[in-house]
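Peer 1: Sequence:
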Amino acid sequence: MFGRYDYSLAIDDGILKLGVEKRAGLNVYYRDLAGDHKEKVLGPESAPLVIHPVEPISVPKQVTLFLEISFDSVLLGPTAKKTIFLTFPIEIGVFLEAGSATEMLDTFSYLPSKFSLYGTPKTGVITKWYRSRVYSDAPTVDMKKEGVLRLEIENTTKDFAEVARAVFEANGMVLYFDQDQVGMNAQMTIKSSLTAETSFFECPYQEGMEKAIELRTAKKIPIVGGHKIIRLSGVEVNVFVMEAGYS
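Per my numbering: the sequence shown = residues 2 to 248.
Note that these hints are calculated values from the structure, not bench results.
One should not assume that every hint holds.
Here are the in silico distance ranges between beta carbons for each label pair [stated by the list, open to error]:
(1) 195 to 115: 18 to 28 angstroms
(2) 194 to 12: 25 to 35 angstroms
(3) 7 to 163: 33 to 43 angstroms
(4) 31 to 100: 32 to 42 angstroms
(5) 161 to 98: 49 to 59 angstroms
(6) 180 to 137: 18 to 28 angstroms
(7) 103 to 161: 30 to 40 angstroms
(8) 75 to 23: 48 to 58 angstroms
(9) 138 to 196: 28 to 38 angstroms
With a straight-line cut-off of 30 angstroms between C-alpha atoms, the simulated DSS-like cross-links for lysine-lysine are [to be verified]:
(10) 62 to 41
(11) 145 to 123
(12) 62 to 83
(13) 83 to 23
Bear in mind that the values here come from a model prediction, so they are computed numbers and not experimental data.
The C-beta atom is built at its ideal place from N, Cα and C for all residues, glycine as well.
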């Protein structure tokens, strides 16, 4: 599904119907997914359509900039490191290109959305919530529904640390894909018994994967609280500070 198309695009997999059709001389983009329908008239007579996986924060509408993944607890020893693989929900974005400009037409997901509160009602944040199994290697998943997250966890404390969730901010997300999978490459640094920092590597965890269009750039998503920028190996990295625990 992911790739570049012209106006002859027509997808029908039994669940999703998506494409462009001519109506009264107008090019009309349409999408129907389980009864959720959207249409939009396209001004350009001909322009590339791009379908990419995007940051999972927009379906059914953008109510949060945070993704929370819960999983079976992983115990790390003092100053230990561990790499695990998790899954995350896929959202799909449809874009129209015109030269160097990119316009978002639509976002949708094959999976229902669930939300949670990370932290207290007074100081916490609403998150897009997802439950994942823990894997030692990248699992095989339905790439229309799920992506694979490689997570490097480092415990910088002198105590044991039990990790059972990770919260990420959309401003730092970088998605990659190929014909078989969608992936993100992230890290968590445990700073204390309650605090950890999460961020993303701007490189795929597997060679040959293509970088997806960044929804936060197309939609001009604002920077929010809990966010900071640090330099790692000479590169600026967006970091989210988990201050309400990681277990």
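Peer 1: Does each hint fit the structure? Answer for all of them.
Peer 2: Hint-by-hint comparison with the structure:
Take residue 195 and residue 115: their Cβ atoms lie about 24 angstroms apart, and the range 18 to 28 angstroms holds. Taking 25 to 35 angstroms as the suggested C-beta distance range, the pair residue 194 and residue 12 does not conform, at roughly 49 angstroms. Judged by the Cβ atoms, the range 33 to 43 angstroms given for residue 7 and residue 163 is violated: they are separated by roughly 51 angstroms. As the Cβ distance of residue 31 to residue 100 is approximately 25 angstroms, the hint placing it in 32 to 42 angstroms is violated.
Remark: the range hint 49 to 59 angstroms for residue 161 to residue 98 is upheld by a beta-carbon distance near 50 angstroms. The hinted range of 18 to 28 angstroms is satisfied by residue 180 and residue 137, whose Cβ atoms lie roughly 24 angstroms apart. The hinted range of 30 to 40 angstroms is not satisfied by residue 103 and residue 161, whose Cβ atoms lie roughly 46 angstroms apart. Range check, residue 75 to residue 23: Cβ separation about 54 angstroms, and the 48 to 58 angstroms hint holds.
The hinted range of 28 to 38 angstroms is satisfied by residue 138 and residue 196, whose Cβ atoms lie roughly 29 angstroms apart. Straight-line distance between C-alpha atoms of residue 62 and residue 41 comes to about 17 angstroms, which keeps the hinted pair within the 30 angstroms bound. For the proposed pair residue 145 and residue 123, the alpha carbon gap of about 36 angstroms is over 30 angstroms, so the pair is violated. Annotation: proposed proximity of residue 62 to residue 83 is violated, straight-line Cα distance about 34 angstroms (limit 30 angstroms).
A threshold of 30 angstroms between alpha carbons decides the hint, and for residue 83 with residue 23 the separation of about 53 angstroms lies outside it, so the pair is violated.
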